[in-house]
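J.: For reference, the chains in residue letters:
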Amino acid sequence: MYPADYRYTKDHEWIKVQGDIGTIGITDYAQQELGDVVFVDAPKVGAKLAPGKSFGSVESVKAVSEIYSPVSGEVTETNPLLVDTPEKINTDPHSAAWLIKLKLADPKEVASLMDAAAYEAYIAEQTKEHSA
Amino acid sequence: MNTSAAVELRKTALNSVHRRLGAKMVNFGGWDMPLEYSGIIAEHQAVRTRAGLFDVSHMGELEIRGPGALQLLQWVSCNNAAKLNVGQAHYSGLMTSRGTFVDDLLVHKISDTHYLLCVNAGNQDGDFQHIVANNKFDAGLENAGSRYSQLAIQGPHAAEILQKLTPAPLDTIRYYHFTFGKVGGVDCLIARTGYTGEDGFEIYFAPEYSDRLWTDLMQAGESAGMIPCGLGARNTLRLEAGMCLYGHEIDDTTTPWEAGLAWICKMEKAPFLGSDTLAQQKQAGLPRKLIGFEMLDKRIGRDGYPVLITGHEAGRVTSGCPAPFLKKNIGMAYVPSNENTVGAEIEIGIRGQAAPARIVALPFYKRPQ
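So the protein lines, in turn, are chains U and H.
Under my numbering, the first residue of the first sequence carries the number 1, and numbering increases by one thereafter.
Under my numbering, the first residue of the second sequence carries the number 1, and numbering increases by one thereafter.
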C-alpha cells in the first residue's frame with residue numbers, strides 16, 4: 001500500500017527522492033480522511049519551502065487540509081492534472097496525483113522522516129485512537 | 001484521545017448498522033453520526049437523481065397536548081399554527097422574547113389538541129425548557145425524542161420505494177402533509193417533508209424497529225439505486241436548496257426577517273414571543289440580510305470566512321461548500337441590507353486573499369416540477 005521507497009510525515013505527506021528532486025503528495029490515509037477532494041491550492045513555481053511550513057491546501061467537500069513541506073527546497077513544478085481533476089487525489093494519491101516537485105536544499109533532511117513501515121505503524125495507532 | 005472518555009456521545013438505534021456499513025462517523029451536536037458512507041458527492045447525486053436513505057434519529061421530538069396546546073404553540077413560535085389542518089405540517093421558528101431563534105422546527109398537527117414538533121438534536125433539551133418556561137396555557141408537554149427513530153427517504157424515486165412497503169396511498173399525501181400508517185408492518189407517522197430540496201418522506205416510529213425498517217427500505221430501494229446517505233450530503237443538499245441550518249444562518253441573534261424567513265413569521269397572529277421586537281425591526285429596517293453567493297473562481301468560501309464589499313469586511317459566510325449537483329461553489333452570508341443586490345460582485349476572504357464571488361438569488365437549486 002505505502003511505497004517502500006517513499007518517506008512520510010506525521011501530517012500525512014509523502015516524499016519520493018530522485019537525485020536532488022523530491023516529489024511530494026498526500027498519503028492514501030490522508031485522502032480517506034478528507035473524503036471527496038474538490039480543490040488543490042498549490043504554491044507557485046519558485047516558492048521556497050521549509051520543513052513543517054504550509055505550502056498550500058487540499059480541500060474536500062467538507063474540509064480544508066493544510067499541506068506541510070517535509071523538507072526544505074524550492075518548488076520546480078506543480079501537478080497540472082490537479083487543476084481540473086483534483087479528485088485524482090482520491091484514486092491515485094501515491095502516484096499520478098502528486099502535488100509538487102521541489103529541488104532539495106539538503107537531501108539529508110529526508111533521512112529523519114518515517115519510512116513506510118514506521119508510517120504504517122503510525123497510522124495504525126491513529127486509527128486505534130479514532131475508534132476508541 | 002484523553003477527552004473521548006469524558007464525553008460519552010449519544011447513539012441512535014442504528015449506530016451499529018452505520019459502523020457495519022463502514023460509515024465515517026462524526027460528533028454532531030453530541031451525537032455519534034454517519035458523515036458519509038460512499039462519499040458526499042455520490043450521496044448528494046443519488047438524492048438529486050434517484051434516492052437516498054438518511055438516519056435522522058438524532059433529531060428531537062417534542063409533543064404538546066391538551067386544550068391549551070394551540071395557544072402555547074402560537075405564543076412560542078412565529079408561524080401561524082391556527083392555519084394548520086389535521087394531518088398538515090409547517091416550518092416555523094421557536095422565538096426568544098427578542099424575536100430571534102431558539103430553534104427552527106417542523107410542527108405537525110395530529111389533532112386539535114395534539115402537536116408533534118421536530119427540532120434540532122442539539123437544541124432539544126433547551127427547546128423543551130424554553131417551552132415549559134412559557135407554558136402559561138396549562139398544556140401538556142413531553143420531551144419525546146427517546147420514543148422515536150426517524151428515517152428520511154429523499155429523492156425523485158422516494159415515493160415509489162416507500163410505496164412498496166406501505167398500504168398508505170402516498171400519492172394522496174401532499175407536500176408538508178402526513179398520515180399514520182404501517183411501513184413494513186411497523187406503525188409510523190409518514191410525512192412528506194425533507195431537508196434536501198427533493199421530494200421525499202420522513203418517517204417516525206418506535207426505535208426498536210430501526211434495524212428492521214432500515215433493512216426493508218434499503219432492500220426496497222436497491223433496484224432504484226437508493227444508497228445510504230450521511231450528514232455530509234444532508235448539509236450540501238440543504239445548502240443547494242437554500243435552506244437554513246441552526247447555528248449557521250439562524251441562531252438567537254438573528255430574526256426571521258434577516259434570515260429571509262418572513263414567510264414563516266405571521267404578524268397577524270401577534271402578540272407572540274418577540275412579536276414587539278419583530279414589529280419594530282420591520283418598521284425600522286433591517287441591519288443585515290441573508291444572501292446567497294456563488295464563487296467566480298475555483299476557490300470555496302466556507303463557514304466563517306469574511307465577506308468583503310469594496311475591500312471592507314461587510315459580514316461573514318454562514319455556510320459555504322461545493323454544490324455537487326450545480327457544480328459551483330456556493331454559500332450563504334449576512335451582509336448589510338443595503339448591499340444585498342442580486343448580481344452584485346463581492347469578495348470572500350480566503351486565508352488572506354480576496355476571491356471573487358457574486359450575489360445570487362436563493363434558492364440555488366429548485367427541483368423540476
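If you are wondering where the hints come from, they were derived from the structure by calculation, not from laboratory data.
Here the structure is a predicted model, which means the values were calculated and not measured.
Don't take each hint at face value.
[Stated by the list, open to error] Cross-link-like lysine-lysine pairs, in silico, DSSO-like; alpha carbons within 27 angstroms at most:
hint : chain 1 : residue 1 : chain 2 : residue 2
1    : H       : Lys-328   : U       : Lys-88
2    : U       : Lys-16    : U       : Lys-103
3    : H       : Lys-24    : H       : Lys-266
4    : H       : Lys-282   : H       : Lys-298
5    : H       : Lys-11    : U       : Lys-88
6    : U       : Lys-48    : U       : Lys-128
7    : U       : Lys-10    : H       : Lys-24
8    : U       : Lys-88    : U       : Lys-48
9    : U       : Lys-53    : H       : Lys-298
10   : H       : Lys-327   : U       : Lys-88
11   : U       : Lys-44    : H       : Lys-328
J.: Now, for every hint given, state plainly whether the structure supports it.
T.: Hints, verified against the model:
1. Lys-328/H <-> Lys-88/U: The hint holds at about 19 angstroms.
2. Lys-16/U <-> Lys-103/U: 12 angstroms, holds
3. Lys-24/H <-> Lys-266/H: Not OK: Lys-24/H and Lys-266/H at ~41 angstroms, beyond 27 angstroms, violated.
4. Lys-282/H <-> Lys-298/H: Answer violated: Lys-282/H to Lys-298/H is near 38 angstroms, above 27 angstroms.
5. Lys-11/H <-> Lys-88/U: Violated. Lys-11/H to Lys-88/U sits at ~34 angstroms, over the 27 angstroms cutoff.
6. Lys-48/U <-> Lys-128/U: 36 angstroms, violated
7. Lys-10/U <-> Lys-24/H: 21 angstroms, holds
8. Lys-88/U <-> Lys-48/U: Satisfied, since the Cα-Cα distance of roughly 26 angstroms is no more than 27 angstroms.
9. Lys-53/U <-> Lys-298/H: 24 angstroms, holds
10. Lys-327/H <-> Lys-88/U: Roughly 17 angstroms separates the two Cα atoms, so the pair holds.
11. Lys-44/U <-> Lys-328/H: It holds: about 25 angstroms lies between the C-alpha atoms, which stays within 27 angstroms.
In terms of the numbered hints stated before, the structure departs from hints 3, 4, 5, 6, listed from lowest to highest.
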